[in-house]
Amino acid sequence: MRLCKRCVMPEDFPHIKFDEKGICNLCREELSRGRMAELKKEYREKFLRRIKRGRGKGPYDILMCYSGGKDSTYTLQLLKDVYKLKILAFTFDNGFIPERTYINIRNVVEKLDIDHILFKPRFAGVLKKIFRKAASASLYPPKALERASAICTSCIGLVKYLSLKIAVEKEIPFVGFGWSPGQAPVTSSIMKLEPAMIRTMEGALKGPMKKIIGEDINTYFLEERHYARPDKFPCFVHPLGFSDYDEKKILARIKSLGWEKPYGVDLNATNCLLNSFADKTHISKYGFHPYLLEIAAFVRGGYMKRGEGLRHLPIKKNKKIVDAVRRKLGL
Amino acid sequence: MSGNIKEELKKFIVDNYLLGSDSLNLKDDDSFLEKGIIDSIGVIELTSFIQRKYDIKVKVPEIIPENLDTLNNLEAYIERKLKSSK
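Note that the protein sequences, when read in sequence, are chains A and B. In this text, residue positions in the first sequence follow the numbering used here: the first is 1, and each later residue adds one. In this text, residue positions in the second sequence follow the numbering used here: the first is 1001, and each later residue adds one.
Keep in mind the hints are simulated off the structure, nothing from the lab. The structure displayed is predicted, hence computed values, not measured ones. We put the CB at the ideal spot given by N, CA and C, even for glycine. Where hints are given, some of them may not hold.
Below, a list of computed lysine-lysine pairs in the DSS-like style, where the Cα atoms sit at most 25 Å apart [claimed, not checked]: (1) B:Lys1053 / A:Lys40; (2) A:Lys192 / B:Lys1053; (3) A:Lys232 / A:Lys248.
Which chain B residues stay away from chain A? Per the calculated CB distances, all over 10 Å, these [unchecked claim]: (4) Asn1004; (5) Ile1005; (6) Lys1006; (7) Asp1029; (8) Lys1035; (9) Lys1053; (10) Asp1055; (11) Leu1071; (12) Tyr1077; (13) Leu1082; (14) Lys1083.
Here chain B stands alone, though its shape is the one from the complex:
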């Protein structure tokens, strides 16, 4: 499950923010924001994607780097949300 989430997220990031090519060789702990991979509109797109894909509700105070800024953080955040919704 966990591996799938990370792979799905990575595919979304590479397809949508790296012009389809992982030329930055995106690592699991790379900051999307510090590397400029996503901007403010990108944050909204990413939030919409994970809400749709994993059927979770992202609250505004949860839109913080600790939850959304790396593949590892995103995966952990989604897993927490899925667990708490069960």
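Pulled out of the complex, with its shape left as it was, chain A reads as follows:
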């Protein structure tokens, strides 16, 4: 199978077309480095204007969705040290957080002196059922699965709506994420959506989950009392979208906060033991790696060399970990 000569996209990926030089359409459509720098500056200034308006109006300026991985750890310190925000960090425990990640989270929030909450939904009655179904059935529409496995989509979706609930209840004007520049475009890095849009999107995620869990799933999603406060809906922001991104510098900075890479995680996720299993399941079902678009965007954007990108794509699974995941999910 041919791969794009500039990034790592394969010829048979949906809506990918190669030109006569073997370059894919995503590379051909990529913004110039100069235009990208301008856009980043534009969004960074937009964020600064928005925080100037929103800062200090409530107990917290931002609710940061903090997985304990390298990117969200780095984002957390950016929000604290560069943007000087009052932060509430929120960790969603999906049952597969490595022991070292708990230590990392504790070290980082203590070092940065940030309030933190950890929420762990019921495993047997909720998460296990969702993950099992996501591993075996086509739970979500195709587009969602281009960017992440069905298992990751389930987790991210729950994080997104739980964080929205918390933000509306605590009147926090921003919800932050640690999406890397490869995971989400700069143009989505500051996003304020109308509650009507959010309600409809929420239905697309909640619907499939309700079929698995039943009415109990409502616990994890917005309620009418939240929608009754449209002026309290936060703005979503992922600051890495408009920041400089250098993995070596990021690792050095977070090391100084007491962060260490956990044992058993793969190259693409530094906080979740479920990832290799989720990737493997995704590839078996759809024929492509769920991190493909992200890695290709990293290479295209100059954040990663092509050879390194290619090294990220095969699944180098830790059999012991994958077997433990299977056992925990009863598969």
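Use these hints to put chain B onto chain A, whose structure you have.
Chain B only, in chain A's frame:
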């Protein structure tokens, strides 16, 4: 004109959100959001596409299902915007 807009929009949706194949047999009144065809990043991409393609400015309060969530709604919204810009 109107038929062209809808066809252009449908092509964009099918190419970009349905992996190039209209396996869902997308109808003019199908909700993109309820069917999960587009997510939040998809909304931004769709908004950027129509701004670029039709040279219109989409304001944040206009990003609502009534304007963007079906082919019919999108077409009507774009036509209104084009008319008001004349």
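Quiz item: Which earlier hints can't be squared with this structure?
Solution: 3, 8
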